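Chemist: Sequences are here, hints too, so could you generate the full structure?
Chains as they are written, first to last, in the numbering used here: chain E, 5 to 313; chain L, 5 to 313.
Honestly, the hints are just simulated from the structure, not real lab data. Please read all numbers here as calculations on a predicted model, not as lab measurements. Be aware that one or more of the hints could be misleading.
Intra- or inter-copy, both count: the list cannot distinguish identical chains.
Stated by the list, open to error - Simulated pairs of lysine to aspartate or glutamate, DMTMM-like, Cα-Cα distance not exceeding 20 Å: (1) K162 x D142; (2) K294 x E310; (3) K211 x D95; (4) K85 x E30; (5) K211 x D96; (6) K211 x D180; (7) K148 x D96; (8) K148 x D174; (9) K148 x E262; (10) K289 x D74; (11) K90 x E101; (12) K114 x D83; (13) K163 x D174; (14) K85 x D235; (15) K116 x E79; (16) K90 x E310.
There are 2 protein chains.
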Amino acid sequence: MSNDNTVLIVGSVALDSVETPAGRVERALGGAAVYSSVAASFFAPVRLVGVVGEDFPKEHLEFLESRGIDTRGLEVVPDGKTFHWKGAYRDDLNQAETIATELNVFQSFKPKLPEDYRDSQFVFLANIDPDLQLDVLDQVRRPKLTACDTMNFWIAGKKAALLEVLRRVDVAFMNDAEARQLTGESNLNRAANEIHRLGPKYVVVKKGEHGAVMYCDQSMCFTAASYPLFDVVDPTGAGDSFAGGFMGYIARIGEVNETNLRRAVIYGSTLASFDVQDFSLNRFKHLTMKEINGRYEEFRQIVSFEPLQ
Amino acid sequence: MSNDNTVLIVGSVALDSVETPAGRVERALGGAAVYSSVAASFFAPVRLVGVVGEDFPKEHLEFLESRGIDTRGLEVVPDGKTFHWKGAYRDDLNQAETIATELNVFQSFKPKLPEDYRDSQFVFLANIDPDLQLDVLDQVRRPKLTACDTMNFWIAGKKAALLEVLRRVDVAFMNDAEARQLTGESNLNRAANEIHRLGPKYVVVKKGEHGAVMYCDQSMCFTAASYPLFDVVDPTGAGDSFAGGFMGYIARIGEVNETNLRRAVIYGSTLASFDVQDFSLNRFKHLTMKEINGRYEEFRQIVSFEPLQ
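Modeler: Okay, structure coming up:
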């Protein structure tokens with residue numbers, strides 16, 4: 005397989021127990037690297053780097069492979085137990101409440117890239133310990149585009165390593181609360197500008213039900229609506245699906261410029277909007293490119309207006 | 005003056021004492037009807053209905069008249085004191101904290117429309133007691149478009165009258181918290197849909213720093229970004245300026261259809277974005293149509309992306 009348009013994704017592979025007002029699932033497929041890999045797989049070949057225990061159901065592995073995801077980089081720890089996250093969303097679907105985090109095999113994870121992964125051109129460092137994100141950056145050779153995501157836990161506990169990651173990536177994905185937490189700026193435009201100055205050429209702030217905003221060259225250049233959903237079943241993985249759709253689309257097109265990045269934001273928003281319509285990755289199991297492109301066009305319709313008369 | 009494209013606006017005229025992280029003003033010009041009238045005046049002639057006391061500074065009256073606003077409907081109560089609102093915005097500029105509300109002459113206000121006001125074609129019922137909004141609806145003859153705004157206080161305390169207003173207007177403006185409060189729906193799309201069913205053909209939900217959304221015919225039809233501001237000086241009047249810009253533009257164009265309503269939402273967003281860049285109505289005092297149209301085009305640029313390839 006050519007390295008030209010392959011997306012390398014490293015991050016958590018998990019079993020999630022999630023409760024929302026719409027219902028619950030127990031030990032369903034989850035994890036940042038899984039959501040982003042499957043979302044990216046609609047556009048480009050994906051290589052996954054992560055770790056699971058021997059308890060990781062074979063059907064999940066088969067699902068990933070059925071999506072064209074290369075799982076040679078997915079380490080299986082003999083006798084190990086897979087990372088398990090237990091959480092709940094109450095009335096405010098923008099806010100997850102963590103009930104339990106069992107790191108298990110994730111605790112001693114050291115990403116080791118298979119040799120041919122090291123030439124991957126598009127690299128997405130999904131949410132994991134920034135020290136591990138740096139490990140991966142050390143192992144890849146000359147990527148065309150690198151991107152990272154993170155979370156409040158690392159901003160609070162591993163800020164120095166995270167700042168080093170930000171110095172080295174092209175794109176930083178973050179949600180609005182994280183952008184504010186990292187910078188101490190309550191104005192989101194100022195916060196994004198500050199992150200921009202830390203290194204990334206592009207800062208993409210995910211705002212959940214309020215859409216997403218991209219900053220290029222120290223100013224806000226693009227804003228995407230959120231798709232108007234009447235029923236959000238499970239918000240888990242929305243941000244990861246966003247990043248995966250974004251990276252997959254850019255890898256497919258191959259050329260990193262603002263026109264394509266705007267489209268990538270819309271494809272990211274599209275994948276996120278499908279993700280939340282069912283638990284776990286269930287919606288992706290029967291999602292088609294026709295549906296994706298249909299929603300892409302809907303995103304155009306809901307923001308279109310006539311120029312000045 | 006022809007009634008064809010005149011906007012009739014009724015609501016509060018106030019003196020505001022406001023503190024924000026950027027500074028403070030004492031007894032500055034304010035009130036929902038003032039913000040919306042001045043915003044509308046950039047597009048169409050405006051007739052103002054409200055009440056002030058004898059203490060209302062002459063310079064404010066002169067400013068309104070300099071904007072082409074007909075103030076014959078602004079009652080001056082001899083020996084009365086003008087409505088005074090005292091509020092503060094802390095770090096979260098989306099949330100006003102009311103320190104004092106002195107209703108004064110507003111307490112016994114009964115809107116009385118001058119005879120020639122009654123044929124106004126575009127009617128905006130800014131935030132006041134819904135019973136007074138109904139009074140005004142009873143006094144106008146055959147308006148082409150009616151719209152209302154409201155606030156949490158009336159939703160909690162005068163719901164029946166407010167529901168009657170909603171049954172009788174074409175457009176309901178509301179912020180996201182109010183839409184949720186009125187309907188008990190936490191999903192904003194469901195909330196707006198519910199309000200739609202209460203009567204208004206168009207529901208426009210203002211989301212502050214997250215832009216605005218319009219619902220037509222029971223589904224979300226249009227979403228506008230918020231303008232990326234790095235310095236918000238004073239959020240007071242943003243929602244009123246939005247509604248005023250919206251109504252003024254529709255009145256100027258004269259034809260109520262979805263194409264024009266989308267543009268109206270953008271002009272509303274534009275006026276709101278200028279309003280918050282200074283205290284009171286100060287930014288409007290030196291605002292030009294060239295600046296307004298420039299920002300309108302910026303709103304297009306920040307949401308534009310290419311169609312499917």
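Chemist: Please go over all the hints and tell whether each is borne out by the structure.
Modeler: Taking the hints in turn, this is what the structure says about them:
1. K162 x D142: within (18 Å within a copy, 64 Å between copies)
2. K294 x E310: Cα proximity of K294 and E310: across copies only (17 Å, versus 27 Å in one copy).
3. K211 x D95: Both ways: K211 and D95 sit 17 Å apart in one copy and 19 Å across, limit 20 Å.
4. K85 x E30: within (15 Å within a copy, 64 Å between copies)
5. K211 x D96: both (14 Å within a copy, 16 Å between copies)
6. K211 x D180: Both: 6 Å inside a copy, 15 Å across copies.
7. K148 x D96: For K148 and D96, neither the intra-copy (38 Å) nor the inter-copy (39 Å) Cα distance is at most 20 Å.
8. K148 x D174: Cα proximity of K148 and D174: one copy only (9 Å, versus 52 Å across).
9. K148 x E262: For K148 and E262, only the intra-copy Cα distance (15 Å) is at most 20 Å; the inter-copy one is 43 Å.
10. K289 x D74: within (17 Å within a copy, 62 Å between copies)
11. K90 x E101: The answer is within: 9 Å in one copy meets 20 Å, while 37 Å across copies does not.
12. K114 x D83: For K114 and D83, only the intra-copy Cα distance (17 Å) is at most 20 Å; the inter-copy one is 79 Å.
13. K163 x D174: within (18 Å within a copy, 52 Å between copies)
14. K85 x D235: neither (34 Å within a copy, 50 Å between copies)
15. K116 x E79: Intra 9 Å, inter 77 Å, cutoff 20 Å: intra-copy only.
16. K90 x E310: Intra 47 Å, inter 40 Å, cutoff 20 Å: neither.
Hint check: violations occur at hints 7, 14 and 16; the rest are consistent with the structure.
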